[in-house]
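S.K.: Below are the chains, spelled out letter by letter.
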Amino acid sequence: MMHRLDAHPDEWIDRKAEISFQFEGREYRGFGGDTISSALAAAGVPYLARSFKYHRPRHILSFANHDSNTLFQVDGVPNVRGDVTLLREGMRVSALNTFGGLTADKARILDRLGRWLPVGFYYKAFHSKRWFPRWERLFRRLTGLGTVSLDAERQTSPKRYGFCDVLVVGGGPSGLSAALQAAAAGAKVTLVEESFRLGGSGAALPEAELGEMRGLVEAVNRSSIEVCCATVAAACYADHWVALVDEKRMTKMRAKAVVLAPGVIEQPAVFRNNDLPGVMLASAARRLLLRHRVAPGRRVVMVAANWEAYLACTELKAQGVDIAAIVDLRSAETAGHEASACAAAGIEVLFGHAPYEAVAGASGAVAALDVAPLQGPGAVDVAQRRRLACDAVLMSVGWAAAANLLLQAGGSVRFSRELQQFVPSGLPAGVFAAGRLNGVYDFRSRVADGARAGSAAAMHAGCRAAAAPAGAVAAQARRPSHPFPIVDHPSAKNFVDFDEDLQVKDLEDAAQEGFDSSELLKRYSTVGMGPSQGKHSNMAALRILARYLDLEPGDLGLTTSRPMYHPVPLKLLAGRSFNAERRTPLDADHESLGAVWMPAGNWRRPEYYAVPGESRAQSIEAEVRAVREGVGLIDVGTLGKIEIYGPQAALFLDRAYAGKFSSLKAGMTRYGLMLDESGVVIDDGVVARLGPETFYFTTTTGGSATVFRELLRLNALWGLECALVNVTGHRAAFNFAGPSSREALQPLTDVDLGEEAFPFLGVRCGRLAGAPCRLMRVGFVGELGYEIHVAAGDAVTVWRALHAAGLPRGLRPFGVEAQRVLRLEKGHLIVGQDTDGLTDPFEANAAWAVNMQKPFFVGQRSLKILQARGPRQVLVGIELPDSSRRPRESHLLIDRGAIAGRITSVAHSRTLDKVIGLAMLSPELARAGGAIEIRGDHGDMIAARIVPTPFYDPSNARQRIPARVAAP
Amino acid sequence: MPHRLLRFGWSRKHPEPRMFTRHDTLRPSYDVVIIGAGGHGLACAYYLARDHGIRNVAVLEKGYIGGGNTGRNTTIIRSNYLTPEGVKFYDESVRLWQDLGEDFDLNLFYSTRGHYTLAHTDAAMRTMRWRAEVNKHFGVRSEAVDAAFVKRGIPAIDMSCGGHAPILGALFHEPGAIARHDAVAWGYGRGADRRGVEIHQQTEVCGIRLEAGRVVGVETSRGPIATPRVLCAVAGFTPRILDMVGLRTPIYVHPLQAMVSEPVKPWLDPIIVSGSLHVYVSQTARGELVMGASLDPYELHQTRSTLDFVEGLSSHMLDMFPFLSEVKVNRQWAGLADMTPDFAPIMGVTPVEGFYLDSGWGTWGFKATPVCGKTMSHTVATGRNHPLIEGFTMDRFERYRLTGEKGAASVGH
Amino acid sequence: MKILVCPLNGPRPILEFAYGGEVRRSPDPDTCSDAEWSAYVFNRSGSPGLKYEWWCHIASGYWFVALRDTARDVVVATYTADRVRLGLPAPAAAQGGAP
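In order, the protein sequence lines correspond to chains A, B and C. Under my numbering, the first residue of the first sequence is numbered 1, with each subsequent residue one higher. Under my numbering, the first residue of the second sequence is numbered 1, with each subsequent residue one higher. Under my numbering, the first residue of the third sequence is numbered 1, with each subsequent residue one higher.
Honestly, the hints are just simulated from the structure, not real lab data. Treat the hints with care, since some could be wrong.
Negatives, chain C to chain A, calculated, CB over 12 Å [to be verified]:
1) Asn9
2) Ser45
3) Ser47
4) Pro48
5) Gly49
6) Leu50
7) Val76
8) Ala77
9) Pro89
10) Ala90
11) Pro91
12) Ala92
Covered stretches of chain A, going by a simulated chain B footprint (3 or more residues, C-beta under 8 Å) [unchecked claim]:
13) 115-127
14) 234-247
Per label pair, the in silico range of CB-to-CB distance [claimed, not checked]:
15) C/Ala35 x A/Ala617: 48 to 56 Å
16) B/His3 x A/Gly32: 53 to 61 Å
17) B/Pro2 x A/Gly100: 22 to 30 Å
18) A/Asp239 x B/Arg214: 44 to 52 Å
19) C/Pro27 x A/Leu150: 58 to 66 Å
20) C/Ala35 x A/Gly897: 30 to 38 Å
21) A/Ala7 x B/Met159: 49 to 57 Å
22) A/Leu690 x C/Arg25: 33 to 41 Å
Given the structure is predicted, the values throughout are model-derived calculations rather than measurements. Even for Gly, the Cβ is constructed at its ideal location relative to N, Cα and C.
Looking at chain A on its own, in the form it has when it is part of the complex:
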């Protein structure tokens, strides 16, 4: 049974800060500096969790967040890592995925059903079409770990940017040494360490070396090195862009060079019942002991295959923990000298023996370990088994390289038979490896290796004063990892992957079924797919597969290493969530006029202006009426606006647009249709010629950025003598339209608005309400009107002046919806609504805007092909005789049971007192004219008729100044 020992000067806990917390509804106490796991261990809680598949009782395994035995639900937060999460006052902790609590978990029956639930069992059954939905509901309840609270508040956590010359990952001896060496070379160094303090993972070291380690830590703390403890380097991206994650935030670190010294991950021995509470990794026991003063038990059996096991035993004994025996998988010849100190202290050492089966006691925790002589890989002489009574089993049989970041960064590894671990075989430029990841285990060598890497990194980062590193890296004499610390057992439950409850036979059975490569084995058996992503299981799985195939682990590939090294919460990745929205200078005025907003690209625009007592439909209708009968004012400032200057400006426009602009006279405007290379309509606008070498033109709101960028590209490509300027944000624009617009506007401007001085489609420059302006007579809404462009800074003044001038004439500000109706009454298309991703100008009824006689324009050659091919559909006007039934946009046109087209725009026109629309229609039907049918809501068929456009004022008489002048 685990228990707390007396205080020790090196402990990480603060015994003066007692913390009360709850686990599974019961009260417990821990100390400041305890993690959830260490506090529960100290309190002697017999088990902390139920395993994923079999719901077996579980306790600490790695105490390093390398397994998911110690995941908890804490205060509404799922999947909290108990090993590395600090205890806090009042925490309410509970186990995950239990049914009726940890102790009374009803699902523990699954442990007895193991023989009927082989690897991949869920693929073999449950798939009847009829029953699967029911089975799936059961699976979904049984799987899933923590619980999400649907009413939790969103957490935002600002991110940070970091910049350094050398980033060192890992604060053990090699990392500390690398950081110091790089700093000495003049590099700006950041050192990150997962644990709460520097000094690495707490590997077993003799006292002298521990002293040297402390010296390194002190040197780092005294230096200018930026130290980030409790920080995980979660991922390594291109160009040394590293995600550093701590509890509160993510730092995006740009390093010029990276030293990876993350060490190695201790691996469990695999034997029957190796998952019992009380069976844990030796490094876990050491960290619990040294940092938290928690002893693993009172009578420990050590399963050993390296020298660290013996160091650990010596330490434990010195702390008063009884070592029942050391079970060394290696022969006395290999390991004898390492065991000498322990043997001398009277500890029994069984060489050439392996753990066969752990035996549970009444509480469910380990009470004994059966061991037997090792005969070959996985095989023991069962007849000679011996039972060793104990209350804790520690495993010190080997390590796996923590190569995830190295592989993410683009490095490669090879398997070292001598070391029985993967070591780097290729590193990308600017990435360096040091320490045990590099296969260097001897302390002094780790320090030397770190110094080498730090120096090389500093040099790569461009630091001149890179001193030659002192000390040599000795060849590794002792083998730190056993080649096969796995023991077969006829009754199984010898766990390889504790997250996924996978036993040796599961992997062999999977290989037998043909999943006999690393990736297939993983995907079929799910080994390495749990929360710890194979940290404690991938090596054993590889060994088992290699044995099955009669190959070496090095012959098999590793599964792909991917971000994140440890999982990262969404809140840290999301940060504050920045969503910019563009607003015109009139935003506040619109708001005060009752604007109801709608998104338009990344702008917001008034959809309409709400007036008390009016419904939405009534307001929109009133806005339309104001334009038709009096005057209306709309903010069209979101349109893209571009100026082009130069001797070849006209030629540029001739090439970039479908129409001809070189023939446009100064002082006039023309509709501009833009095509892509395949002849598809992509944008439109109005082009105004201000002078022989000066044009001003507009684009759609949504297209302005991409159109401008593409025009820049064409300009760069063609090399014509002209220059383009994007003035979208610099200028505001309004449309002031209606029969009374001219007389309202004239007093405000010095521009002569007479029909001869300023004809339809003309453009004039002058002043309006004191501000410089450009006025254009355009036809979009089909009334006499002016599109007014002013500097953004003058927008509010001009708008208010226009508004005031229009009010006595019945002015209403109008929004996007009213504008849609007005333009529809004139049959004008909206690019992207009446056209789609394939519409060419012929189909869009816009051939008039194309000048095929020009020598070249974008899309011309394709149009020749399209002309020959003929349109696939054409845009026509439609009207409904019965306006009580109104179809919606996108309702389909049906002809003899087949789809013949769709409605692209539709509205009830009060002006014309009927429902009108635009539709894309098969050319045959369009040619035939006459009646068509629309399938509306609920499949109802609605009759309509094809009619020519414009619906309203076909001769454009309304756009000219009337012969009689309205009384003021």
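Dock chains B and C against chain A, hints included.
M.R.: Leaving out everything else, chains B and C in the frame of chain A:
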């Protein structure tokens, strides 16, 4: 306890044979060589053997079965496409999917969940209605629904999406489903293997031999093979194979990334897509949230991951589901999407006689696995394009007859 | 994120750029066949390798051409946009050479 599991308890040795035979040598010739043992390639092999009696087939895979996009996609199956040819094609696929697990005698975890494509603008609602109308015309159960319907179907969602992209409605597609992607490759693979098809993993095609403009053989890393028919089903690797036969297509390859959360208890039943936020998400039977977003912005033949991707996707996930702040991202990965300009595949016969193409699957390939197998097996067996794929021929670009599917790709590309 | 070295602005994060696709040589529209023209409009060089590409630094509106290895994601050389019209060296020759 399903009775089929009982035999596992009684037998001492694991009673399951290999799903895919390991072949030590390649035969000198085959009637058909399929390049790519992903879902599509194996599906074609399966139907060739089962429906057309063509069993002398080799499927060559340079990596491991299903190791390409089949094992990397976000497993969404739907037929709510925009064009008639698309709807008919994917609807047939959905029909095939529903019986696939029973056909294979393998659980694919095919789970009909309902699929919402959220609309945040009028323009998006118009497109959703267009899709719904075309779907309904062909008998596919989709409907354009309003905001209230969305809220009832996804009670946990923040309808304002962080306040900056309010949901106006959605395209609700009842048959929308998810499945276990690897298992599809295994099911087709086993089915093909049992009928005599040879699957050769770790076997790379290095060249294709032509004589007088027709296929006569294939060069591989394990030796040459003679064959009159080759099917190329290699997704993001298509251009490299096309180089071997001198064909050019519009295909361009960009990475497509995805990420997965840790497992949590079930809270999300339907599949959610938002075009404005560039997010799609579903929750697997294991409780993991599988999430994707837009295509990577530039061409790259690498399945590397980026931080920008997870940052943006995480931000938008929290816009929709603000309570997920503490849920952790476990892993991110990528596949190579073979994109086309009209978001529809390039399938069928090619100008090179005997060379058949199943490609251009971009971000829409997994759901089509069964119907691809059916149509391509028919095409390879008869030498003529199956009617369902007539809209997807390679020569449609030359004729300026692109399909109109761009409006149906759920997330901006 | 990945760094792209803009010829005008120096090293910038890749999100500051817009990708403009591969640089393609247009046939003479006045003399080419329909098939040649449609092949130019739609076909692409899809395989990995060294490719000339259009890139734009968005904030400064600066378009340039990069010769990039699309398998290793490494820019080998950059050129001003007018080189598309004036002539770009063959990719193999360009590798390792100054623009």
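S.K.: Give a verdict on every hint.
M.R.: Hint by hint, here is what the structure shows:
No beta-carbon of chain A comes within 12 Å of the beta-carbon of C/Asn9; the shortest separation is about 15 Å. With a minimum CB-CB distance of about 16 Å to chain A, C/Ser45 clears the 12 Å threshold, and the non-interface call stands. Every CB of chain A is more than 12 Å from the CB of C/Ser47 (nearest about 22 Å), matching its label as outside the interface. Non-interface call for C/Pro48 relative to chain A: holds, since the shortest CB-CB distance, roughly 16 Å, exceeds 12 Å.
For C/Gly49, the non-interface assignment is confirmed: its Cβ lies about 19 Å from the closest Cβ of chain A, beyond the 12 Å cut-off. Distance check on C/Leu50: its Cβ is at least 19 Å (rounded) from any Cβ of chain A, clearing the 12 Å threshold; non-interface status holds. The Cβ of C/Val76 lies farther than 12 Å from every Cβ of chain A, with a closest approach of about 15 Å, so its non-interface assignment holds. Listed as a non-interface residue, C/Ala77 keeps its Cβ farther than 12 Å from every Cβ of chain A; the least gap is roughly 17 Å.
With 12 Å as the threshold on Cβ separation, the claim that C/Pro89 sits away from chain A holds: the shortest Cβ distance comes to roughly 18 Å. Every beta carbon of chain A lies more than 12 Å from that of C/Ala90, the smallest distance being close to 20 Å; the non-interface claim holds. At the 12 Å boundary, the C-beta of C/Pro91 stays outside the reach of chain A, the nearest C-beta of that chain being 19 Å off. Every C-beta of chain A lies more than 12 Å from that of C/Ala92, the closest at about 23 Å, which supports listing it as non-interface.
Counting residues of the segment 115-127 of chain A whose C-beta sits closer than 8 Å to any C-beta of chain B gives 11, which meets the bar of three, so the coverage hint holds. Evaluation of the coverage hint for the segment 234-247 of chain A: fulfilled, as 5 residues show C-beta separations to chain B shorter than 8 Å, against a requirement of three. Separated by about 53 Å at the C-beta atoms, C/Ala35 and A/Ala617 satisfy the suggested range of 48 to 56 Å. At about 56 Å, the CB distance of B/His3 to A/Gly32 agrees with the hint of 53 to 61 Å.
The given range of 22 to 30 Å is respected by B/Pro2 and A/Gly100, whose C-beta atoms sit roughly 25 Å from each other. At roughly 47 Å, the beta-carbon separation of A/Asp239 and B/Arg214 lies within the given 44 to 52 Å, and the hint holds. At roughly 59 Å, the beta-carbon separation of C/Pro27 and A/Leu150 lies within the given 58 to 66 Å, and the hint holds. Checked against the hint of 30 to 38 Å, the pair C/Ala35 and A/Gly897 passes, with Cβ atoms roughly 37 Å apart.
At roughly 56 Å, the beta-carbon separation of A/Ala7 and B/Met159 lies within the given 49 to 57 Å, and the hint holds. Our hint of 33 to 41 Å for A/Leu690 and C/Arg25 holds, since their Cβ atoms are close to 36 Å apart.
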